[in-house]
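Just so you know, the protein sequences line up as chains S and D, in that order.
By my numbering, the letter at position 8 of the first sequence is numbered 8, and the numbering carries on one by one without gaps.
By my numbering, the letter at position 198 of the second sequence is numbered 198, and the numbering carries on one by one without gaps.
No wet-lab data here; the hints were simulated from the structure.
Beta carbons: idealized from backbone N, C-alpha and C, even for Gly.
Be aware that a few hints might be false.
[Unchecked claim] Under the rule of at most 27 Å between Cα atoms (straight-line distance), these lysine-lysine pairs were calculated in the BS3-like manner:
| no. | chain 1 | residue 1 | chain 2 | residue 2 |
| --- | --- | --- | --- | --- |
| 1 | D | LYS8 | S | LYS97 |
| 2 | D | LYS83 | S | LYS97 |
| 3 | D | LYS186 | S | LYS97 |
[Unchecked claim] Output of the computed footprint for chain S on chain D, the stretches with three or more beta carbons under 8 Å from beta carbons of chain S:
| no. | segment |
| --- | --- |
| 4 | 10-20 |
| 5 | 49-55 |
| 6 | 122-129 |
| 7 | 134-140 |
Listed below are the residues making up each chain.
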Amino acid sequence: MHEMTLAISAIKSVIEFAGDNGIDEIDTVVLEIGELSLVVPQYMEDAFYAAVPGTMLEHTKLRMDIVPGNGVCRECGRVYNIIEHRGRCPRCGSESKDILSGEEFNIKELLVPEDGPD
Amino acid sequence: MLRTIEIKESVFADNNREAASLRAELREKGLFLLNLMSSPGSGKTTTLVRTLEALRGEMRIGIMEADIDSDVDARTVQAAGAKAIQLHTGGMCHLTAGMTRQGLEALGTEDIDLAILENVGNLVCPAEFDTGASRSAMILSVPEGDDKPLKYPLMFTVCDCLIVNKMDVLPYFDFDYDAMCERARKLNPGIEIIPISARTGEGVEKWAGWLRDQVRSWKEA
C-alpha cells in the first residue's frame with residue numbers, strides 16, 4: 001500500500017503550492033498516472049479521500065489522467081502499447097524496447113475557481 | 001468557471017529532494033548508509049549477521065531493521081554484536097527518506113562508520129522510494145526463482161549490488177543462474193552480482209569486500 005504515502009505526499013505538495021501562490025480554494029486536483037507506474041488508480045483515489053479531511057483539500061475533487069504505457073521496439077521500430085501486448089512487439093515479437101511513456105506519476109494541474117467580476 | 005494551473009511535478013519529487021539532502025549530509029559526515037532490500041525470507045538477517053562477522057574489528061556498524069511489527073530481527077543482529085534498532089513502519093510497505101532520517105537519529109550515528117538499513121521485505125515499493133542511502137543492494141535467494149528480474153524490473157534497476165543467496169541449495173531448484181544474471185544485466189549493465197550462501201559462508205568474503213570498498217571510497221570522496 002504505497003498509495004497512502006504517495007497520496008499524503010501529493011496532498012502536502014499541493015497545499016504548499018497553494019500557500020506559496022495565494023490559492024485558497026481548489027476545485028479539482030489532477031494527477032497523471034502512467035500505466036507502467038506502480039500506482040493503482042483505485043487505491044490512489046481511496047487514499048486521497050481518506051487523507052484530505054481536516055486539510056484545505058477536504059472538499060476538493062480528484063481527477064486521474066491515465067497515461068498509456070507505450071514503447072518503441074528496438075528491433076523493428078514499431079510503437080505499441082506495452083500492457084496490451086504484454087511487453088512483446090506485435091509486429092516482430094521482440095521484447096527489446098525503449099519506454100516512451102507511462103512511467104510518470106505527477107501532480108499535473110489544479111483547477112481553481114476563476115475570480116469572478118463581482 | 002475554473003482556471004487551470006499547470007504543475008507537472010512528480011509526486012516522488014518531494015521524497016527525492018529529501019533523499020538528496022540526506023545523502024549530502026551523510027557524505028559530509030563520512031557516514032556510509034546501505035539500503036538493503038529483498039523479499040521476505042531471502043535471508044537478509046542471516047546475511048547481515050555474516051556480514052557483521054566478516055567486518056568485525058574493521059568498522060563500527062549500526063543496523064536499522066524495518067518491519068511492519070516485531071523486533072525479532074533487531075534482537076538477532078544485536079546478539080551478533082551490532083548496535084541495532086527496530087523501525088516499525090506501522091503497515092507501510094517501504095521506507096521514505098524522511099523515515100530513514102528519523103531512524104538514523106534514533107540509532108545515533110556519532111560512533112558508527114557504516115549504517116545498514118534493512119528495508120521492509122518487498123520487491124515492489126522499496127524500489128520506488130529513494131531512502132537517501134549511499135548505495136542500495138538487494139538479495140535474491142535461489143528458491144525465489146530466476147524470473148524475478150522480469151517480474152520486478154525496477155528493483156533490479158535501482159540496486160548497485162545483487163547478492164544471490166542460498167547458492168548451497170542450487171542443485172535442488174530449477175534456477176538458471178546465468179539466465180538470471182543476463183536478465184539482471186539487461187536491466188542494469190553496471191550491477192555487481194555476488195553469489196553467496198549465508199548458511200555455509202560461501203561468497204560472504206566477496207560481498208564484505210565489495211561493501212568495504214564502497215565504504216572506503218565514500219569516506220575518501
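Hint-by-hint comparison with the structure:
1. LYS8/D x LYS97/S: Holds - the C-alpha atoms of LYS97/S and LYS8/D are around 26 Å apart, at most 27 Å.
2. LYS83/D x LYS97/S: 46 Å, violated
3. LYS186/D x LYS97/S: Since the Cα atoms of LYS186/D and LYS97/S sit roughly 11 Å apart, the hinted pair holds (cutoff 27 Å).
4. 10-20: holds (count 6)
5. 49-55: Contact hint for the segment 49-55 of chain D vs chain S: violated, 0 residues under 8 Å.
6. 122-129: holds (count 4)
7. 134-140: Since 0 is below three, the answer is violated.
Hints 2, 5, 7, counting from the list given before, are not met by this structure.
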